[in-house]
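K.L.:
Here is how the chains run, residue by residue.
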Amino acid sequence: MYRYDDFDRQLVLERTEQFREQVKRRLAGDITEEQFRPLRLMNGVYLQLHAYMLRVAVPYGTLRADQLRQLGMIARVYDKGYGHFTTRQNIQYNWPKLDEIPDALLDLAKVEMHAIQTSGNCIRNTTTDQYAGAAADEIEDPRPYCELIRQWSTFHPEFTYLPRKFKIAVTGSPNDRAAVKVHDIGLRMHQNEAGETGFEVLVGGGLGRTPFVGKTIRDFIGKNDLFSYLEAILRVYNRFGRRDNKYKARIKILVHEEGIDKIRELVEEEWSQIKDGSLRVDDAEIAHYIEQFAPPAFEALSDDDADFERHKAENRRFANWVRSNVIEHKQPGYAIANVSLKPIGGIPGDATDTQMELVADLSEKYSFGDVRVTHEQNLVLPHVKKADLFAVWSELDKADLGTANLGYVTDIISCPGLDYCALATARSIPLSQRISERFGDLDRQHDIGELKIKISGCINACGHHHVGHIGILGLDKRGKEFYQITLGGDASQDASIGKIAGAGFSEAEVVDAIESLVTKYIDIRDGGERFIDTYRRVGMDPFKEVLYGDR
Amino acid sequence: MSLQVVTANRLEDGLVVFLTSDGGWSENINDARIAEDKEAANALLAEASAPELDIVIVGPYLIDVEQQGTDLVPTKYREVLRTKGPSVREDLGYQAV
Amino acid sequence: MAIVKNDSLIEQEWITVDAEGDLPSSDENIIVPLARFKEERDSLLGRNGGLGVELNPGDTPEDLAGDIDRLSIITVNFPAYTDGRGYSYGRVLRERMGFTGELRAVGDVLRDQILLMHRCGFDAYDLQVDGEVALDKVRAALKEMTVYYQPTGDGRATAQSLRERRRAALEQKAS
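Protein chains in written order, with our numbering: chain A, 1 to 551; chain B, 552 to 648; chain C, 649 to 823.
The following block holds chain A by itself, in its conformation from the complex (with noise of 0.2 Å):
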């Protein structure tokens, strides 16, 4: 895992203390709230419903067992002891006190975190797989090239006043599980016909209001020349990108009005002057950020372990988690170990100090100190031997961590909504609570099979509900709550964005209209589809039916 070096750190306490200032004028009323206000969306300081939200950077969902003991810490000190793990892998406090925010930040310096650029508009943090240096399936771990993306991001002078936030998102697997399709920039790595690993580069995908899947700018780019190319996209938007409308501003409205063939035209037009220049990367020096995430020291360990086996035969409850929430790992023996933030009935994506605590310890004495964040608002041990995981779903289970449940249907991604979100319509979470309680038992849900759900409390779409493959989004109809069912979406490489299905459903019908959707589906499908697959055979219509009847 990548360690700072004095300057990293440097950097970070400079921040601290530029905030820290800054701060201070604002409450000296040396700036004003409007000038402030950037100042401290630039350190992750938003203003919600009820206090002030604290977002902190996990850069590629990658932490280390100190840095997640540090961040149960800060719940405890500095919020009402909890947090909430977002879709962009970091975590954010609903309750500090701006006054003490200077002090948060400075005990996460001591950690090598931050909360640079989790706001404002700029580059946000860079999300990648969560199982990158552990999945069997990957072509190269991309998080290398996230740290690079990361300093070359960072305080970026021309680049800290875009049009609209930016967002990149880097998958080394081409099993997309960082949905790089609806990023600003999705990068995929693969091989081009010389053998050598580079990257796709796609443009203009997103969600918010104006959902769009993004298109290829480029088939490949090599390691070398990627610092440039970004470099030159976000060039192109920043002089080009448009500043009349709010909502019209990100790239992916370039991309549309202006088309991708005119963008690809400006884009390498501007990376033909810079290409050579001093943002090209050597391969020494790419070869220094791999050594950084070399893979752990693992041991030679045969693929099956006799007492793995026993446990399973033994344990139902085991047996079933380790069905749904353990993957395979590239190393024989090891395994990789989803931890669900979805208890049934539970908020999604929350964990308490304590709850961080427990996973950093076990992630130290099992998963060589590695944790990982997901999009999907789950935590990870990526490096789990077989014969340990008996031991840490049993400590994960007594901490009300030990949901079997990834991929399934209780496993939704939701914002916060208007239970804290100043921007929100509606509600989220406590719809994402009924439909996991209404789908609570096991046996039903895997039944079901994968299916993703996704909850956003407004336009905004934070819970990503136009690649569910249900997704609900929360809106305001006339003083109440009412929920808008799309379906069909998909964040995966064979991304979609959901199609509306009809007239929105009050609180009171919207898990109702959930439940006969499922059924539907399992009414319907052949034998080992999943939801989405039904739905892409048989199309809107059937589900529609269900839902409106003749209405």
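Please note: incorrect hints may appear among the correct ones.
[What the hints assert, rightly or not] Derived DEER-like restraints, expressed as beta-carbon distance ranges:
hint, chain 1, residue 1, chain 2, residue 2, range
1, B, 647, C, 708, 56 to 62 Å
2, B, 564, C, 655, 35 to 41 Å
3, B, 564, A, 508, 52 to 58 Å
4, A, 192, C, 781, 54 to 60 Å
5, C, 776, B, 597, 48 to 54 Å
6, B, 602, C, 794, 55 to 61 Å
7, B, 574, A, 507, 38 to 44 Å
8, C, 794, A, 503, 57 to 63 Å
9, A, 522, C, 708, 56 to 62 Å
[Said to hold, decoys possible] Straight-line alpha carbon distances no greater than 25 Å define the calculated BS3-like cross-link-like pairs of lysine-lysine that follow:
hint, chain 1, residue 1, chain 2, residue 2
10, C, 791, A, 24
11, C, 785, A, 24
12, A, 480, A, 499
13, A, 477, B, 635
14, A, 477, B, 627
15, B, 635, A, 97
16, A, 110, A, 97
17, B, 635, A, 223
18, A, 80, B, 635
19, C, 791, A, 110
20, A, 480, B, 627
Note that these hints are calculated values from the structure, not bench results. Glycine included, C-beta positions come from ideal geometry on N, C-alpha and C.
Put chains B and C on the given structure of chain A with help from the hints.
P.N.:
Same frame as chain A, now just chains B and C:
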């Protein structure tokens, strides 16, 4: 016109506060000064928007309320949530105390 | 209402004229908007006084390519500090077009953006505050950070270049 009060977030800790009759800010909506007509509401908002309050509160605005027994209750569910705290954590927010 | 350049306050020696209207006498130093420069290029270049151009968001700095050495000053207007197009213009002018004259940020120029502007090639800042206050603000802003990740044309050593230098020194020592 329904009754109105002015709400804002306190600069220092971000908590929800209401403009009181003595020109201060209270976390309790029942302390809020009530405007009964348009003119009074405008005056209330103007008072809350004074530049010198920029170091006390952030983003003042008017909300509709109604008198329910001894309590003032916002008419919009957004403001009810804002006044009480998260509905999914009744152990937290103003509702907890 | 004070201009800071190279760690000192400087006098306003330029008259900024708008898109239309009469020009001051030929001896005066003037700054004209890009559009006007393009229209009246020849007569403007024939004046006796100094000549500068003002860029506004949406302008194309590349339009000045043939005349860059004839300009003593380019001002880049930030009508709102949130409009970041001027940062790109600064880098293009300095790093691509080789502009060596004064590059002045005007408009909504605030303390917390000055370091970014400096990194993008600006060397003068027209602030809406009084002299000494302006100077203090610029000084404070420019020393807030000392570590830089991005190579720009400002001559600052990046973290990466310093790392490489250190690595090379260590390797030399080891051999």
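K.L.:
Residue 785 of chain C and residue 24 of chain A: Cα distance at most 25 Å?
P.N.:
holds, 15 Å
K.L.:
Are the Cα positions of residue 477 of chain A and residue 635 of chain B separated by 25 Å at most?
P.N.:
holds, 22 Å
K.L.:
Does the hinted range 54 to 60 Å hold for residue 192 of chain A and residue 781 of chain C at CB?
P.N.:
holds, 57 Å
K.L.:
Has the given pair, residue 480 of chain A with residue 627 of chain B, been kept, meaning a C-alpha gap of at most 25 Å?
P.N.:
holds, 8 Å
K.L.:
Residue 477 of chain A and residue 627 of chain B were given as a pair; does the straight-line alpha-carbon distance stay at or below 25 Å?
P.N.:
holds, 12 Å
K.L.:
Would the pair residue 110 of chain A and residue 97 of chain A pass a check requiring their Cα atoms to be no farther apart than 25 Å?
P.N.:
holds, 20 Å
K.L.:
Within 57 to 63 Å or not, the Cβ separation of residue 794 of chain C and residue 503 of chain A?
P.N.:
holds, 58 Å
K.L.:
For the pair we were handed, residue 635 of chain B and residue 97 of chain A, check the Cα-Cα distance against 25 Å.
P.N.:
Distance ~18 Å between residue 635 of chain B and residue 97 of chain A Cα, so the pair holds.
K.L.:
Taken at face value, is the distance from the CA of residue 499 of chain A to the CA of residue 480 of chain A at most 25 Å?
P.N.:
Holds - the C-alpha atoms of residue 499 of chain A and residue 480 of chain A are around 23 Å apart, at most 25 Å.
K.L.:
Does the Cβ-Cβ separation between residue 564 of chain B and residue 508 of chain A fall within 52 to 58 Å?
P.N.:
Distance hint for residue 564 of chain B, residue 508 of chain A is violated at roughly 36 Å.
K.L.:
For the range 56 to 62 Å, tell me whether the beta carbons of residue 522 of chain A and residue 708 of chain C fit it or not.
P.N.:
Holds: the Cβ-Cβ distance is about 59 Å, inside 56 to 62 Å.
K.L.:
Do the beta carbons of residue 564 of chain B and residue 655 of chain C sit within 35 to 41 Å of each other?
P.N.:
holds, 39 Å
Checked against the numbered hints above, the structure breaks hints 3, 5, 6 and 17 and satisfies the rest.
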